[in-house]
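Novice: The listed protein sequences derive, respectively, from chains A and B.
For the first sequence, counting from 1, position 70 maps to 70 in UniProt numbering; every step adds exactly one.
For the second sequence, counting from 1, position 301 maps to 301 in UniProt numbering; every step adds exactly one.
Keep in mind the hints are simulated off the structure, nothing from the lab.
One should not assume that every hint holds.
Claimed, not checked - Each computed DSS-like pair below joins lysine-lysine, with the alpha-carbon atoms no more than 27 Å apart:
hint : chain 1 : residue 1 : chain 2 : residue 2
1    : A       : K181      : B       : K107
2    : A       : K181      : B       : K74
3    : B       : K115      : A       : K181
4    : B       : K217      : A       : K181
5    : B       : K104      : B       : K170
6    : B       : K217      : B       : K170
7    : B       : K115      : B       : K104
To be verified - Cβ-Cβ distance ranges computed for the label pairs, FRET-style:
hint : chain 1 : residue 1 : chain 2 : residue 2 : range
8    : B       : E116      : A       : L88       : 38 to 44 Å
9    : B       : G8        : A       : L260      : 53 to 59 Å
10   : B       : G8        : A       : L188      : 49 to 55 Å
11   : A       : N104      : B       : D165      : 35 to 41 Å
12   : A       : G218      : B       : P88       : 34 to 40 Å
13   : A       : L99       : B       : G216      : 44 to 50 Å
14   : A       : L88       : B       : D63       : 39 to 45 Å
15   : B       : E195      : A       : F75       : 55 to 61 Å
16   : A       : N104      : B       : L183      : 56 to 62 Å
17   : B       : D165      : A       : L188      : 56 to 62 Å
18   : A       : L260      : B       : D165      : 34 to 40 Å
By construction, the Cβ of each residue, glycine as well, lies at the ideal position given by its N, Cα and C atoms.
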Amino acid sequence: MSRADTTASILYHRVVVWLLFLILLLPLAGTLLYSLSTSWSATILPDGLTFKWYFELWGEPRFLKAFGQSLLICFSALFLASILILPLLFVVHYHFPRLDGLMNILILLPFAMPPVVSSVGLLQVYGSGPVQLVGTPWILIGCYFTIALPFMYRAITNNLHAINLPDLMDAAHLLGASTWKAAFLVVLPNLRKGLMVSLFLSFSFLFGEFVFANMLVGTRYETLQVYLNNMRNSSGHFNSALVISYFFFVLIFTWAANRLNKDKS
Amino acid sequence: MSYLSIKGLNKSYGSTQIFSDINCEIGQGEFITLLGPSGCGKSTLLRCIAGLTTVNGGQILLDGEDLVPVTPQKRGIGMVFQSYALFPNMSVEQNVAFGLRMQKAGKAQSQARVKEALQMVELSDFANRYPHQLSGGQCQRVALARSLVTRPRLLLLDEPLSALDARIRKHLREQIREIQQELGLTTIFVTHDQEEALVMSDRIFLMNAGRIVQSGKAETLYTEPVDAFAAGFMGNYNLLDAETASRLLDRPISTGVAIRPEAIAITADGEIEGLIRSHSLLGNVIRYRVEARGVELLVDVLNRNESDLHDKGQRIVLSIDSQAVREVA
């Protein structure tokens, strides 16, 4: 390839990337501007700029409660997922590697079933009878746990394959470590990266989840997305401030987590 | 009395027998190589000695103590793996110190022993590095230091050189042998590379299909193979059946024979006429493919100078050292 061809292809690639970036950024920039405008209806540009909507939003107790409840449900579901999936993965990969094939099918089930269908199923099972969970945060925590499962299973499995688990365990055993010690001192620290990546990915996904939250719990335990839906008839500026706040929270959370997760070496 | 004694050891997975009735005696300070092709059971035997794989029957006696019921943690055995198995989250120093940490050794004692072990493998300057910052050869030296630091009663090496390039492999095998001799450490080394086995070992146990086919000193195994498998595995022997051998040697022979390529000479006073089919240069040796009396033979000749080289299609005369013709079953 000649030099001119290379320059042309680099230019083309850059144009495509920037164009895509702009297309993705445009609705967000529009929403940001709308959330900062005093009013913006019959003019090309807003009449004026203000932080009023943000002050109003962050002073609204119902919003703060929904925000807190969303965080609580997401963190609880991810905590549950972590304490169940890590030992499960360890047992599957160390003692029963053949079960990995079965697990790969099982973890796809939450994705194979459309959320509307599975939420109707959950309503049937947990709406009445001995375990009545519908309308409580518990059903959402359980449900979100199954959604986080595929992300976490895949990411940590890749991590486990990369570290050659059986040899590390064998080496630790021969050096005098019990299985527990080997798992805590040798295996777990090496799964940190996979675990963190999957936790943040799952968090971003769950924090924005609406269908299950709305159908299984609704206003009885309002999450952020359900609150946004319920506020759809209020001021668009207020709603824009809410969307931008949500977006920036996820962005900053992910960025901070990424920073903390950087390798020391 | 032998230091390590294996008696009637059996291992099977379901109906698949990995090895059966393995018996061997190993003296203290000996360097033993388990040599054999892939799947012959040598690595499984090593893992059984380490306690990482259970056995179905038999005894493993180390210094008089039966190891079979003992857990790997308490066997006092060091092991080096083909994949290095270094702990990626720990520095070189922490990796080497891991065994001492498990033994709850004092800090000062631990530091001194780690320093000593790293000096032994010439990696003192790398103590603070992490495994991903090391080359393959350096990783394997760290693994060696880690297994030596606890002063094991027995050292097991499971194909430790297989993942390394030729130059580093050569250097490391010399280093392993030196350290082993310096410490007088009883060592069992598993490999499928006959050159490694010949260079490093005091004795070689040649394995095939789950049994020890032949054991003995390297020289004996090389020059006196007991069967066609041993002859085929230990060198580039010319393996001939009885009829072909009778035709070549012009005398009645009732069993198959094995003839080493270097035992056949290209010489003017020989009696077997032959034709050079091809030749290849193996460094200090030239390997000819020669057809003689309808038999294709490999002939190795020292590469002294270019004028000695015989061209393809050239007619030559061979002589075969009758002492080197080994009858094999």
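Novice: Each of the hints needs a verdict: does it hold here or not?
Specialist: Results for each hint:
1. K181/A / K107/B: Between K181/A and K107/B the Cα gap is close to 19 Å, so the pair holds against 27 Å.
2. K181/A / K74/B: Holds - the C-alpha atoms of K74/B and K181/A are around 15 Å apart, at most 27 Å.
3. K115/B / K181/A: Given pair K115/B, K181/A holds - Cα atoms ~24 Å apart, limit 27 Å.
4. K217/B / K181/A: Violated, at roughly 42 Å.
5. K104/B / K170/B: Given pair K104/B, K170/B is violated - Cα atoms ~36 Å apart, limit 27 Å.
6. K217/B / K170/B: Holds - the C-alpha atoms of K170/B and K217/B are around 21 Å apart, at most 27 Å.
7. K115/B / K104/B: Holds. K115/B to K104/B sits at ~17 Å (cutoff 27 Å).
8. E116/B / L88/A: 38 to 44 Å: 42 Å, holds
9. G8/B / L260/A: 53 to 59 Å: 57 Å, holds
10. G8/B / L188/A: 49 to 55 Å: 41 Å, violated
11. N104/A / D165/B: 35 to 41 Å: Given a distance of about 36 Å, which is inside 35 to 41 Å, the answer is holds.
12. G218/A / P88/B: 34 to 40 Å: 47 Å, violated
13. L99/A / G216/B: 44 to 50 Å: 45 Å, holds
14. L88/A / D63/B: 39 to 45 Å: Cβ of L88/A to Cβ of D63/B: about 41 Å, so the range 39 to 45 Å holds.
15. E195/B / F75/A: 55 to 61 Å: Because 59 Å falls inside the window, the suggested range holds.
16. N104/A / L183/B: 56 to 62 Å: Since N104/A and L183/B have Cβ atoms about 47 Å apart, the given range 56 to 62 Å is violated.
17. D165/B / L188/A: 56 to 62 Å: 33 Å, violated
18. L260/A / D165/B: 34 to 40 Å: 38 Å, holds
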